[in-house]
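A.B. asks: Sequence:
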Amino acid sequence: MLAKKYKSKLVALSSPFKDIYTLEFKSLITKYKYYPGQFLHIALDPDYDGASQWPESRCFSMQSNPDQENIKITYSIKGQFTQRMEELLHIGTEVWLKLPYGDLFKQPHEKVNTVFIAGGTGITPFLSLFTHNSFKEYSNPHIYLGFRSIFYNIYMQELNSIKSYNPKIYYENNEGLIDIHKIFSENGIKSSYFISGPPDMIKLFKQVLIAKGVPKTQVLTDDWE
2 MLAKKYKSKL
12 VALSSPFKDI
22 YTLEFKSLIT
32 KYKYYPGQFL
42 HIALDPDYDG
52 ASQWPESRCF
62 SMQSNPDQEN
72 IKITYSIKGQ
82 FTQRMEELLH
92 IGTEVWLKLP
102 YGDLFKQPHE
112 KVNTVFIAGG
122 TGITPFLSLF
132 THNSFKEYSN
142 PHIYLGFRSI
152 FYNIYMQELN
162 SIKSYNPKIY
172 YENNEGLIDI
182 HKIFSENGIK
192 SSYFISGPPD
202 MIKLFKQVLI
212 AKGVPKTQVL
222 TDDWE
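Quick note: to get this note's numbering, add 1 to the position in the sequence shown (first position is 1).
Because the hints were derived from the structure by calculation, they are not lab data. A portion of the hints provided could be inaccurate.
Taking lysine-lysine and the DSS-like style, the derived pairs with C-alpha atoms no more than 27 Å apart in a straight line are [as the list claims (entries may be wrong)]:
#1 K112 / K10
#2 K27 / K6
#3 K183 / K34
#4 K112 / K73
#5 K112 / K6
#6 K207 / K137
#7 K204 / K79
#8 K19 / K34
#9 K213 / K191
#10 K169 / K191
#11 K79 / K8
#12 K217 / K183
#13 K27 / K8
#14 K137 / K169
#15 K99 / K183
#16 K112 / K79
#17 K73 / K10
#18 K27 / K112
#19 K34 / K73
#20 K204 / K169
#21 K107 / K19
#22 K32 / K19
#23 K169 / K99
#24 K99 / K27
#25 K107 / K137
#26 K183 / K164
#27 K191 / K207
#28 K107 / K73
#29 K8 / K183
#30 K183 / K137
What follows is a set of in silico ranges between Cβ atoms, one per label pair, in the way DEER data are often shown [stated by the list, open to error]:
#31 S150 / K204: 36 to 42 Å
#32 D50 / I190: 49 to 55 Å
#33 L29 / I190: 45 to 51 Å
#34 E88 / K112: 17 to 23 Å
#35 P109 / Q81: 18 to 24 Å
#36 D104 / I21: 23 to 29 Å
#37 A13 / S150: 22 to 28 Å
Glycine is no exception: its CB is placed at the ideal position from the N, C-alpha and C atoms.
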């Protein structure tokens, strides 16, 4: 699927806690087209006309699913671009989005006993799959999610769709950090592992799994940042 530019309007904005924002965009052109697990580029230049050279932009995973009319993303303030987003984006602001990018769930992988591991806002690309009909293709998935505390788990509504899979949620202030060694002991080397979260977490978990014998092709990561 080729990336396309969409002039879009910000139609919903929330800040569940300091420096974290969830945004919802509506296309002013045609319906967004993408697959679960893909990401977009957002450009803030108010003078961009949609035809000239693509301006400065930043990538964000889409947490909405392709069947939904609008696109939802969540971001945290990290660096100058996201600081500009905080300053410039308000309900009604028009921006340009360019999408889709990435092939997270289109890569070859095992759909039986698949393992999904996410830390913090790294859950967003998984939500686009968990809330989509294509998730029914997965048999007996194992889901592990980590947050600093229950206060930081702002995805309760989306997670309702996977309650039947009994996701294991680690709250750092209670259960501690996600334990990759325990996860491996529960799933072994035959499963495909998807990992999304802070870069250091992704790197460490990937190293541990490969060292334990999981083939590199079965460790799939959302680390485009």
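A.B. asks: Please work out if K191 and K207 have their alpha carbons no farther apart than 27 Å.
C.D. replies: Roughly 15 Å separates the two Cα atoms, so the pair holds.
A.B. asks: Honestly, do E88 and K112 meet the 17 to 23 Å range at C-beta?
C.D. replies: Since E88 and K112 have Cβ atoms about 43 Å apart, the given range 17 to 23 Å is violated.
A.B. asks: Please work out if K137 and K169 have their alpha carbons no farther apart than 27 Å.
C.D. replies: At roughly 19 Å apart (the allowed maximum being 27 Å), K169 and K137 satisfy the hint.
A.B. asks: Does K137 sit within 27 Å of K183, going by the straight-line distance between their CA atoms?
C.D. replies: Answer holds: K183 to K137 is near 26 Å, not above 27 Å.
A.B. asks: Holds or violated: K27 with K112, Cα cutoff 27 Å?
C.D. replies: violated, 32 Å
A.B. asks: Given the hinted pair K27 and K6, is their Cα-Cα distance within 27 Å?
C.D. replies: Within the cut-off at roughly 13 Å; holds.
A.B. asks: A range of 22 to 28 Å was offered for this pair. Does it hold for the Cβ distance of A13 and S150?
C.D. replies: Holds: the Cβ-Cβ distance is about 25 Å, inside 22 to 28 Å.
A.B. asks: Straight-line Cα separation of K99 and K27 no greater than 27 Å?
C.D. replies: holds, 13 Å
A.B. asks: Mind checking the hinted window 36 to 42 Å against the Cβ distance between S150 and K204?
C.D. replies: With Cβ atoms ~24 Å apart, the hint is violated.
A.B. asks: Are the Cα atoms of K207 and K137 separated by 27 Å or less?
C.D. replies: Distance ~26 Å between K207 and K137 Cα, so the pair holds.
A.B. asks: Does the alpha-carbon distance linking K183 and K164 stay inside the 27 Å limit?
C.D. replies: Satisfied, since the Cα-Cα distance of roughly 21 Å is no more than 27 Å.
A.B. asks: Between K169 and K191, is the straight-line Cα distance small enough, at 27 Å or below?
C.D. replies: Holds, because 20 Å separates the two Cα atoms, which is no more than 27 Å.
Consistency with the previously given hints fails for numbers 1, 3, 5, 8, 15, 16, 18, 21, 22, 23, 29, 31, 34 and 35, ordered from lowest to highest.
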